[in-house]
Structure formats: C-alpha cells, structure tokens
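Q: The chain contents come next:
6 protein chains.
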Amino acid sequence: MGVVVQGAERTDTDVVTGLGGFGVATVHEAQGRRGLLDSRLRPIYRPVRIAGTALTCEVPPGDNWMLHVAVEQARPGDILVVAPTSPCGDGYFGELLATSLRAHGVLGLVIDAGVRDIAALTAMGFPVWSSGVSARGTVKQTIGNVATPIVCGGSLVRPGDVVLADDDGVVVVDRTEAKAVLEAAHQREAKEAGVRARLAAGELGLDVYGMREALAAKGLRYVDAEPA
Amino acid sequence: MGVVVQGAERTDTDVVTGLGGFGVATVHEAQGRRGLLDSRLRPIYRPVRIAGTALTCEVPPGDNWMLHVAVEQARPGDILVVAPTSPCGDGYFGELLATSLRAHGVLGLVIDAGVRDIAALTAMGFPVWSSGVSARGTVKQTIGNVATPIVCGGSLVRPGDVVLADDDGVVVVDRTEAKAVLEAAHQREAKEAGVRARLAAGELGLDVYGMREALAAKGLRYVDAEPA
Amino acid sequence: MGVVVQGAERTDTDVVTGLGGFGVATVHEAQGRRGLLDSRLRPIYRPVRIAGTALTCEVPPGDNWMLHVAVEQARPGDILVVAPTSPCGDGYFGELLATSLRAHGVLGLVIDAGVRDIAALTAMGFPVWSSGVSARGTVKQTIGNVATPIVCGGSLVRPGDVVLADDDGVVVVDRTEAKAVLEAAHQREAKEAGVRARLAAGELGLDVYGMREALAAKGLRYVDAEPA
Amino acid sequence: MGVVVQGAERTDTDVVTGLGGFGVATVHEAQGRRGLLDSRLRPIYRPVRIAGTALTCEVPPGDNWMLHVAVEQARPGDILVVAPTSPCGDGYFGELLATSLRAHGVLGLVIDAGVRDIAALTAMGFPVWSSGVSARGTVKQTIGNVATPIVCGGSLVRPGDVVLADDDGVVVVDRTEAKAVLEAAHQREAKEAGVRARLAAGELGLDVYGMREALAAKGLRYVDAEPA
Amino acid sequence: MGVVVQGAERTDTDVVTGLGGFGVATVHEAQGRRGLLDSRLRPIYRPVRIAGTALTCEVPPGDNWMLHVAVEQARPGDILVVAPTSPCGDGYFGELLATSLRAHGVLGLVIDAGVRDIAALTAMGFPVWSSGVSARGTVKQTIGNVATPIVCGGSLVRPGDVVLADDDGVVVVDRTEAKAVLEAAHQREAKEAGVRARLAAGELGLDVYGMREALAAKGLRYVDAEPA
Amino acid sequence: MGVVVQGAERTDTDVVTGLGGFGVATVHEAQGRRGLLDSRLRPIYRPVRIAGTALTCEVPPGDNWMLHVAVEQARPGDILVVAPTSPCGDGYFGELLATSLRAHGVLGLVIDAGVRDIAALTAMGFPVWSSGVSARGTVKQTIGNVATPIVCGGSLVRPGDVVLADDDGVVVVDRTEAKAVLEAAHQREAKEAGVRARLAAGELGLDVYGMREALAAKGLRYVDAEPA
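Residue numbers (this note's numbering), protein chains in the order written: chain R, 1 to 228; chain L, 1 to 228; chain H, 1 to 228; chain P, 1 to 228; chain A, 1 to 228; chain F, 1 to 228.
What the hints contain is simulated information worked out from the structure, not anything from laboratory work. Built from N, CA and C at the ideal position, the CB exists for glycine as well. Hints may be right or wrong, so weigh each one.
What the hints assert, rightly or not - Under the rule of at most 20 Å between Cα atoms (straight-line distance), these lysine to any residue pairs were calculated in the SDA-like manner:
id, chain 1, residue 1, chain 2, residue 2
1, A, LYS140, R, VAL139
2, H, LYS218, F, ARG49
3, R, LYS218, P, GLU203
4, L, LYS218, A, GLU29
5, R, LYS140, H, ILE50
6, L, LYS179, L, LEU156
7, H, LYS140, L, ASP207
Unchecked claim - To spell it out: a stretch of chain F is covered by chain P in this simulated footprint if at least three of its residues, at any positions, have a beta carbon under 8 Å from a beta carbon of chain P; those stretches are:
id, segment
8, 87-97
9, 127-135
Claimed, not checked - Quick look at which bits of chain F chain L covers, simulated, 3 or more residues with Cβ under 8 Å:
id, segment
10, 57-69
11, 139-149
One chain only, chain R, in its complex shape:
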C-alpha cells in the first residue's frame, strides 16, 4: 500500500467515444461477457450514461484520504474508480470532491462503497455509481494506492482502461482490447437492429433465431392444458 503511479497511458479518445455510443449490456456481450462490475453498484440517478478512462484508487475502510491524492492524477475524460480494501458502506464521497473532480475534467465516479450529498450530486449532474448511500463520513489517516490495478466490484480494472456506465451498471474494457471490442459492438448492434424490427412485427424469436429444432433435440415437450 502507499503507491501513486503517475502518467499511466489512457485508451485513445475516439475509441472511448465510440464505445460510449453503446449500452453497457451490448459492450459486455461484445467482449465475450467479461468485465462487468457487480450489480450492487447502482447509479444515484437515472437515466445516465458516461464513457471514460479509468483512474483507479484503492482505499482503506472508512478512510477517503487517497481520493484527494487521486484528483491530482486526473486527466480530462477520466472516470474515478474506487475500491475499498474491505467491504465498507460509509460515505467516502460528496459534493466537495465532486466539485474538485469536475474542475479537473473527471466525468464521474464508480465506487464499491457509499457516497453522500446525493441531492447535490444529482442537482449538479455529477454521475455516480455506488454500492450504497450513507451520510457517514470517513477519516483521513491511512494511505492507499492511486493508478494501480485494482479489483472493483469483482472485476479487474487497470489505469487507462475504458469504463462504460449506464442505468444497467458498469463494464470495464481492457485498454489493449478496446478497439476490437468497439468493432464487435458495432457488428452486434447491426445484427440486433434487424432482429428488433422482426420481433416488433410479431415474428417469434423461436423462428427469427431458428430455435425450434434445438429445443426439440433437448426434449422439450408440448402438452395441452387439462380442461378446467
């Protein structure tokens, strides 16, 4: 504990922007169902969607000192991603830190812990995904890490990775794979558009996807309801 890594490379802006055109669910599928953060991380207001590059921060339980250290490492387009070293629901983050992050171009916060001042955060339109809300503040006594690889919400997040967050949750895309994932997301969405139109017209998924044979092979049986 106690390291700040300076100058980590970020994913290219146009790739981040491209991924920001898709939803979290689509990108999660497009990269082979990896990188999703635990569903306990929820947005404090809806609807909302942001895409940016990860500025990671690892903090002790009940201690938010390192968030101030992290601000100095921020670049415009970053999203601050925070994980406590053990589960803690305290309110690590509020209006003052949001004001500071915004002044440095940070787009939002993803934290596997609690936040507070959510009325003010909502009013100023600063997006936050957290695992809880708590007015209980934290102390500034113990150091942690900034811009090191961390596990947040059960997924590995490295500095500079793409973070995409919307009403459904948060997904992280490895910096070195981001371009390929963007391509896969485009293809997936193109395919879905055609399916959506057919389903909206009343066609059955059973036929659109051609599932009937496989279901029968698994032994699916159709029976008639007994008369009442």
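Dock chains L, H, P, A and F against chain R, hints included.
A: Same frame as chain R, now just chains L, H, P, A and F:
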C-alpha cells in the same frame, strides 16, 4: 423439466379489469393476506400499475432460452411471470424480448431475477418487476417449463391466475377465487373511504376503530414524562 | 412493554428549524459523527428533507397497533420514529395512517421496517424513510411502547430529540445538545463554503487542506508508470 | 387463515424409509431437480439425516401459537414443516416444543425462521433445519394454518409429502410420486457407484462420461502457458 | 469520540453468577423481551456459555486501536463488548488480544464485527461472539471510546451491565434491574420445569396452557382432509 | 471463454510448504494486507489448514462442466480455485469430483459458490472453502476457462500462485513474491512470539507497543465515571 402447457384457461377479462382498479395492498388484504410475492421484486420505474393473467415460465440459472418459448404461448392481457430454479441475478430480459412480448399483447414482466436495458424499457413504458438489475446476459442451452404452476417470489402462481402489480409489489389471485376477491376488495375500499374522511378530519384511529378497551385489556399503561 | 409516556418535552422549535437548514451529512459531522441511523433506511421519494422532533414508537414484528396509539401523542412538528422489536419488513404504514398523522401536524415517518401505499404517499407528499416496501399488512394484537427511548436503525432515539432526514438518510440529535450542534453546523458550513470555491477553481485538496507533508510522513511514494 | 386439516394421508412408511437411505442431493436429482428448499435452511448440528412425512404449519411473523395446535395433528414419523407468512428470524421453537413433538413421535423440525435452545436441542438429539438462531421468543396472539399446502423455503410442501433432510439441506417429494422417485434414486446410485470406482482409480471424468467431443464442439481450446 | 471512562461500577458478582445459571432465551423472556443483541452475533464455537459484566468499547471501521486501551480498564469477570461506528467485518481481534484479556481476567468477547485466529481462540477456549470471521486485520490510527454507553447489535449496552451469552446469542441486562431479572428468571424456570414434565409425558400444550378456548374465539376451524 | 491453459508454472514446493506453516492472517499481514478472498468463503469443517498451488477454473452460473476439464490439468499439490462468472449458490461440487481430484493429488477446493455432499466430504477429509452449501446440482452445457487468471472472492488468482486456507479464510500469494512473503512471515511471527509472552504475563499492549503518547496526541481523554 421441459414441458410447455398449451391453452391454459385465463381468468375472465372483466374480473381482471375490476381487480386492476385496486392497489396490491388492498387486494392482498381482500383475499386474506395470501398471494404476495416477496418484497425483493421491485418495479424498475414508478409510478406504475398493471393487472393481467399469468403466463408462467421456469428457467435455469443464467439461461433465458425458455422466454422465447413462452412468447409463443402468450395471449393479449397476459403478464409473463418468471422464476429461476435457483437464485440468480443475471439479466434475463431486455429490450428485444420486451419488443416481442408487446407485439403479442403482453402487458409486463414479473421476474425473480435480474433484467437489463432498463433505460430502454422505461422509455418504451414496458413495466417490469424484478429482483435486480444486471447487464450480464444469459445463455440459451438448457430447457425449462412454460405455463406450469411455479413458485415465484415465495408464492405459488398458476397459469391464468390474476397478477396485479404496482409500486408496492406484486400479488397473485387464484383464478377460481378471483371473482370473490374482487367483491371483497370493493367492500374493503368502501369501508376505508369512510375511515379516511374521519381520520383526515382529525379523529383518532383509537376512536374510529374503537381500540381503547382492547388496549387497556392488554395492559397498556399511560404514564407522564418526568420533568426535564 | 406496554407503556405510553405522555407529555415528553420537545426540542425548541427555532433550534429544530435551524438544523433543518443543513443536510444530514453536515449535522452528523457537526455532532462528532454520532446519531446516524443505519443506511438501510431510505426515502421513498427524492429529493426530500424534513426536520422535526421525535415521537418514538416500539412495535412487535408484524403488528402496527401501537401506531394508532402514537397518533394521539403527536404534536405539530413531530416526526414519528418506529422500530420493531425484531427485524420485520412488513408494511406497517400506509395512506390511512399518513392521513391521520398529517391531520395532527406530524411531518413524516422514519421506520426500520416496511411501508406500503407508496404511490399514494408520494402523491400526497408525505415523506417516509423506511428499510423496505411491502404490501403485506400487519395485525393489531400485541402492544408495545410509545414515547420511550428506543434503538432505531442502530441509534438511540429519545422522545423530543431532533430528527433530520434527507436524501442521504436520517440523523438524530440529542435534545440537550441540539443548540450546540446547530452552532457547530453553522461553523462547519462556513468553512466548507470557502473550500468549495477553491476546489471549483481547480485548486487541489492536497494544497487546500495542506495534506502533502502528512502523506509523505505515512510513506506515500510516487512512481512513474512503465511505458506501454 | 385459521384452518386445521385433520387426517391428511401420509406417504407409505416403506417408501419413506427407502428414500431415507439416500442423501438429499441424490433424491433431488432423482426427481428431476425439483423440491429443494432454499439453502438458507441449515441444520443446527451435523452430521444428521432424517426422512419423514410432512406435517405443515403456517405461522404469522413473531407468533408461534399454531405450533401447539400442530402437535395434536402429529403422527409418529412426521416432520414438522413451518413457514412464516412473512420473513421472520425470531426463535419460534425451543426445548419445550421439541419435548412435546418427540413425545408424539415427530422426528424433527424444518422451519424457514429462527429457533432457540439449540444447545438443549443438540444435547437431546432433536434435529432442526432452520434459517437462523435467535433467543427472541414469540407471542401467541394470531392464528394460522395446520396441514394445508404451504410454500416453505421457496418450495411447495403438501401434508403427507416425504421430507428428507441432511447436512446438505432439505428436499420434499410429492406423496404421489414418492415411489417412482425412490426407484429413480436407486438407479442413480447404482450408476454413481461404478463411476466413483473409476474416478478413484484415477480415470478422468472427461473419459468416464465421454465429454471430450461435446466440449470440442462447443469450441473449447487448449493452449500452452507462456514460459515464465 | 475519544473518551475513556474509568472506574465504572459493575453489577454485583453474585447476581452475575446467578444469571449465569440460566440460558439467554430464559433471561430475555424474564426481563420482558428486551436487551437481545442481533442474531448475526454468533459464537465461534459451541457449546459455550458465559456471564460477566460489560466493558464497552466503540471503534472506527477497520481500526482496533481502542481494544488495547480497553484492556487497561478491564476487571476480572468483565466481558469486552465492542461495536464499530459503521458496519465492518474486518478481523479486529485475534489470539494476541485474547491472551492479553485473559491475563486480566476478562471472560470473553462480544463484537459486532469480525474476528480472526479462530482456530487458536477455540483451542485456548476463549469464547467469542462475533458477526463474522475475517483474516483481514485492522489499523491503529483513529481513536474511539471505552466504557461509554454504546449500541451493539441493536441494543444499548452500558458499562457494568450484565452480559449473558450462549449458543443462542447474547443478552444484556441493565445493572439496576439485574437482581429483579434474576428473580424473574428463577420463577420462569420453575414454571417451565412442571410444563416440561407434562409435555414429555405426552400431554398437549393446548391443554397444559389451556389454549383451546382462545383459539376458537379467534375463529380457528377444524376440517377433515379430503379423501385421496 | 473456452480456454484451457496447459503447463502453467507452479510456485516451488518448499516455498509452499514454508507458507503452510503459518496461518492465513499472518501471511495476509506479511504481504501487506493483500490477496485475501472475501470472508463469505468459509470451510465446511474445522479445524483445517492447507497450502498448495492454484489451479484456477472459471465456470458459468449453474454449470460445472469445466470442473471435469480442470481435473486433467491438475498436478499433485494443487488446490482447485473456482469462480462463477456471476453469483451462484448452486452445489457445483460433491463427493465424486472430490474422489477424482484426490486421485490426482489435489489437496482441496476453494469455490465462490455452493458445494454438496458435505457429510461425505467431511468424512473423507477433503477440505473445501465455499460461499455456501446447496444440494442443487448443476448442468454441463456451457464451457468456461481453466488455468487462466480469475477473480475469486474479490481477489485476483493466477495459475501457480500459492493458496493458503485455514479456519480464518483463504489468502493467495503471487507466485513471483512467494519467497519474499515467506521471509516476511517468519519475521512477523518471531516478533509476535515475544509480544505474546509479555501480554500473557499481564503487561499491557499500551506499554508493549508504546502507544500512550500517540493516543494522547490524538486527543484521547480519561475521565472518571460518575458515582452511581
């Protein structure tokens, strides 16, 4: 596992419509405090209220294949009710399936599992009660059941039963008892209307309901606060 | 069990009003990080903020009889604070009781249990902080206490204490300390105002709070990222 | 609420005894993966295994009055199966009720709620599966049902069904299917015995079950680790 | 925060010893169903029972510094009762602190947080009730309180109160009421002894407690099962 | 998904053996409080301690097919470490797989999911740390990964890392750091031995660790209790 029951009888439309005029709490009381689904099932947006007939579906954990099978069995006015065979928070359901269900007249979804695309579902006004939100999709490998009796959220739901869902949660009414429950709900509401007016005027529930004697019989004592 | 304490002294109105000008997080800090109720108590709608004096009520699991007893003890400006004697998520409270409380000047409800009729409560603007929503009603068979000291959400609440509740949660302030806490809150907010302006202008918390030396003393190290 | 059904038929003793020769996991598989109670129901001591016939009981939260009513309906070989109408962890059951049940030949208790006196219950060897332990007792104010179909731990249990419980949990077998399930359990165990010997000798499940082709068809790839 | 209260009065030893002759469930009932700590506090080994006087300690999340401060305030016969200021499962306590407490005559630990070294604690027979087990240690950076009134597991505990803990959980008895509660426990147990004998002989609780009339008055109906 | 990495390097046996001489808590501290798996992973029997090298496996929810694939990659001294791609409590593992793993020299199982046959596993002395017990079996329909880096219980585990598990939980040590951690553990234990003797003799931690000055500097105040 692996059965689709076709042609199950539904509760009469006018009874369903009648029950739809009441809230979940009222109907739950009217039928003797039975049939409520676990309170972990919450609506993805509020306010909302629907009433329909149950189209049941039992699915494996992390596998939504049977939802496509269920669509074919849907009738206008149905509500799809889905239970996984073991607890699972994955996102079984999203915009495409909602589009398909709507094309077949299904009014909404009740699922003791996760859903995704909630921004889109909210925008299209497709009501969902779920036990969670997750962008994590599911596979299509293992079969389950459609239109069989299931336990969803701890309550037994049979095909064709009435499902009533609002901001407070979800209640199911046995098809064979629905008419009687409708009658009881009318009576309950009539009685409440009179009580509401008296309470709003400042009368005490202690007097409106005549509780003072029973409380005294239980030994309730009134004492004065000690002076500060 | 089974006591109603009459005529408990309330905190002075102007102190309550003063505290109502601050958020829960600020007041919690101002009184030395005490008195916060567990974060499972959440408002049923947002944004919302109220401040009032505690009217306490202790109830058995699944039994709301004492809420009617409590109404008679209410004074304008009170907030009803309810704790079950064992964890219970049932819907103890709904539109009728809210109507009754409002008729007696009660400002809102804080309950470490479930509530129902939340669509109606939201429509009438009656604020509620609860640990859940459930349409399941309760019985009226067993007595409890009104206006005695209780533990609600893990904090001790005495009749007449100040209760402050907003989007972040609920905090209680001891009646005998309320004036001093109000003063401390004023001082805290004055200090924060200056900080907010500096942070908004892009100054770092590291400098505003003068943290660099203490961080270095703890051993915080800065290293450069390895080239990609 | 408020019904006691007398004289419900029980599954034949020899079928119950036969099923008692198998573990819960085996019987659960043998009946097509149905009938398992939620895994929150755990035995208060281990190892333990019992098989008997269900005597069902539905109770209000925090109220154990109906357990005394249930004792009168017990027959030797029964297992008392108790579900509260809403989640409750209170200690519904202790040494006195166990003494009473044992005097009437009841083999054990399955309850989706709390129990107490577990030191005494363990000492007297009275097996209990519960969702919690709590010294908090209950009241005797509100009635419920005995020997009606109930949902316990998310599964439907009817009076007279077979209940099998061991270190792994609790499974219920429909009375009308019990004989067929017993047969299937025998077949399953016979097959497993052969597999166990081969696996113990070091053969791979991949070969014993012949999985390699199916895995390859799904696209499983084998790669070599990069040298360190 | 930051106060150590020295020389708090303890409950008389003979009263503590007397209460130690009863189980937690009995004492909880004997004092009117008050004072039970939340059931998430479980013993690390069973069977176990201790009775002593409360030495309270309030600690920050993830920080066990104050436990060392508490040891100095310990007297033989004390039980250390620890509550974090916000929920935390870290391992605050292990073999070294147990060694230190034992050297000062402390009988055991009650903590609404995690502990570690449970193999060693079990081997040395040092009883602990905790809300979890975690190898994750804590820091020593932030102060708290010793021997002040605290809320632990949802109940108020004052220094010198009686703490009784066994397999069922933990109950606290107010120092000023302990003698009366001891008397009530004796009476309760005497009554139970007679009931136990009658139940063991096969008499029904319905008759021993004379419940039949009250049940009928509530509307309990007996019906016969339909023939299979 | 769908990769099996063959021939991953393991940590040297003597380093693993050395680490196995320490408890999980000690090793966790010795490596700077990193690498601990979530405390929801608990041993199925106690006391128990094993040390080995990680054989990782990532599985879909409710599908244990890949466990059979993993067995073929096992080497004597391995511990199988399994993580589902989304939370799942099903019983992925039982007696047959344990028999197979033991035949290949695998020392035990760490799984962030459920297991079954725990009576048999306990009887055969096959150690398991799991997040639950469930008799509910799984299917074999969907592939996953073997011997890739995974996140298990919130910590990153790479093939060949050291896994140490005991009554307190599970810690993983990076293969490239294992030797240094072993050295640090030796030093830590040496220091603790001296402290233990002094604490056992009644010396206070306040003095042994020299804490009094730092506590005073934080503002800790000692006051006398008010006379009763």
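Q: Just to be careful, I want the Cα atoms of R/LYS140 and H/ILE50 compared with a cutoff of 20 Å; is the pair within it?
A: 30 Å, violated
Q: Report holds or violated for chain P covering the segment 127-135 of chain F, Cβ cut-off 8 Å, minimum 3 residues.
A: The restraint on the segment 127-135 of chain F holds, since 4 of its residues have a Cβ under 8 Å from chain P and three suffice.
Q: Given the proposed pairing of A/LYS140 with R/VAL139, does the C-alpha separation stay at or below 20 Å?
A: 13 Å, holds
Q: Is the coverage entry for the segment 139-149 of chain F by chain L consistent with the three-residue Cβ rule at 8 Å?
A: holds (count 3)
Q: Hey, H/LYS140 versus L/ASP207, does the alpha-carbon distance stay inside 20 Å?
A: Holds, because 15 Å separates the two Cα atoms, which is no more than 20 Å.
Q: Would the hint linking L/LYS218 and A/GLU29 be met if the CA-CA limit is 20 Å?
A: 18 Å, holds
Q: Given the hinted pair R/LYS218 and P/GLU203, is their alpha-carbon gap at most 20 Å?
A: 28 Å, violated
Q: Does L/LEU156 sit within 20 Å of L/LYS179, going by the straight-line distance between their CA atoms?
A: Satisfied, since the Cα-Cα distance of roughly 19 Å is no more than 20 Å.
Q: Tell me whether the statement that chain P covers the segment 87-97 of chain F is true, taking a Cβ distance below 8 Å and needing three residues at minimum.
A: Our answer is that it holds, as 6 residues pass the Cβ test (under 8 Å) against chain P, meeting three.
Q: Check the hint pairing H/LYS218 with F/ARG49 against an upper bound of 20 Å on the C-alpha distance.
A: 35 Å, violated
Q: Report holds or violated for chain L covering the segment 57-69 of chain F, Cβ cut-off 8 Å, minimum 3 residues.
A: As far as the segment 57-69 of chain F goes, the hint holds, because 4 residues have Cβ atoms under 8 Å from chain L.
Of the numbered hints stated above, those contradicted by the structure are hints 2, 3, 5, listed in ascending order.
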